[in-house]
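S.K.: Residue numbers (the working numbering), protein chains in the order written: chain B, 1 to 222; chain S, 1001 to 1260.
Bear in mind the hints are in silico, worked out from the structure with no lab data behind them.
There may be inaccurate statements among the hints.
Said to hold, decoys possible - Residues from chain B that face chain S, not an exhaustive set, calculated with beta carbons under 8 Å:
| no. | residue |
| --- | --- |
| 1 | L55 |
| 2 | G159 |
| 3 | L160 |
To be verified - What follows is a set of in silico ranges between Cβ atoms, one per label pair, in the way DEER data are often shown:
| no. | chain 1 | residue 1 | chain 2 | residue 2 | range |
| --- | --- | --- | --- | --- | --- |
| 4 | B | H19 | S | T1192 | 51 to 57 Å |
| 5 | S | A1056 | B | D161 | 54 to 60 Å |
| 6 | S | V1162 | B | D192 | 36 to 42 Å |
| 7 | S | V1166 | B | D192 | 41 to 47 Å |
Said to hold, decoys possible - Sample of chain S residues with no beta-carbon within 10 Å of chain B, all distances over it, derived:
| no. | residue |
| --- | --- |
| 8 | R1012 |
| 9 | V1014 |
| 10 | P1015 |
| 11 | G1036 |
| 12 | W1045 |
| 13 | F1105 |
| 14 | G1107 |
| 15 | D1110 |
| 16 | F1145 |
| 17 | L1179 |
| 18 | E1189 |
Where a beta carbon is used, it is the ideal one built from N, C-alpha and C, also for glycine.
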Amino acid sequence: MLVLDHVGHVYSAGTPWAHRALQDVDVRFDDGSRIVVVGPNGSGKSTLAWILAGLLVPSEGKVTLDDGPLSIEESHTAMAFQHARLQLLRPTVGEDVRFGLDIDDTAVDTALADVGLDPARFRTRRIDELSGGEQRRVALAGVLARRPRVLVLDEPLAGLDAPSRESLVQVLGRLPAGLTTVVVTHDTEDADRIADRGLVLGDSRIVADGPVAEVLRTAVTP
Amino acid sequence: MTAAASELHFLRYVPGTSPVHKMWAGTKLLVVAGIGIAVVAVPTWPAQAIAFAVLAAALITCRVSLTAAPRPPLWFFYLLLFAGFLALTAGGKPEVHTPALTLGFGGLIDWIRFTTLTVIVLGFAVVLGWTTHLADLGPALTRLFAPLRLVRAPVDEIVAAVTLCVRCLPLLVDELRTLYAVRRLRHPEVPTTVKGEILNLHDLLVGALVSALRRAREMADAIDGRGGVGPAPRLPVRLRVPDYVALATTTAAIVAIVVI
């Protein structure tokens, strides 16, 4: 279980630019749960995403996974960023999925198949030849290949055309069963297809938490 | 997980109403350039003392809390100390003779002089960043570079390039932050060999270059889409008492640096 125990964060604390991004976030995520986090700009969504991914230490409270510290080094977490191109660190799809891992071609093919990409067509394709939607799926294959326990997705559907969006929604709907998935987004259109629980952030706090359809009905997102 | 132990905040504006905040951006650029060039051209201790006095006056007058000062990471200071040690090994006069060995402090003194010089010049840049909106730099540069039009220098293009570079900096920093995060998440193992360190650095640098080139291309497309660079804005310059005081002080300081 992933636990955020009264987590808060202040950026640039002790400087003239200090500002609070998150306050008193106290939530628990069961293993395998699918959560969508929505809220207006500046509500603390990205900060929460970085904390959940283990990239940012909260200035208040603590984050634990099964009562232990959340660790990037042990690949507890993975994060898919909005700008997929920044995540692709090798020239070809196969090399990128394999990056940082000791896995064979079969594992690469499995990871590609998991995100709906035909391994025979894509394994040797160059990254720069891919469309935006394909780049996003390759980035997702790369993080899934690490077999994380917590996956954080930052605006996974932003800027995609309808077919790319639909195929990515389908991929997100069939992620591995035990994987805790947190989707941070402005886009609530397909939220009920990729998550079962919704969190609404406002003024750096959680203002609603519950079943995704119910929560999003009341959420105010610009 | 690791905390962000250091915060640079370079060129970040601190809102305020001090005389330095109210000065024209061009005045501040002239002060930084004037003192900077003078102290680099004459890097003696008295010259540095004069430049430091002007910097201290600016720091006091701008009334910005010192908590805004950049906090470089610890490794930066280690690197600085290592450079000092290397300078000490270079020797040079003055020398201290002992029965066992002779120690030359010439290199170390040069290193200290160079380091304090760098701190002073960066200090002026920091005060400029704290007290000046980035958007004010473009019009100020247009005025300051105006004489270059007489020799047909592309002033508008130079000003546009400088302004865009400064504006792009936060975007680039944000992308580098993402790149570093990606690298940490996808390859969390800390490199233990020199080859591993080099490969690590290579990945980050290549990513940063690709990112910077992409940003530059997007910005060029955006400029083309709006009809090109166009003439830089020529806003009226209204010098006030703080501007005259700063310019007079700077002139006196430069004369003193050169004469002393």
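S.K.: Going through the numbered hints above, which ones does this structure break? Give me the numbers in ascending order.
M.R.: Hints 2, 3, 4, 6, 8, 9, 10, 17 and 18 contradicted; others consistent.
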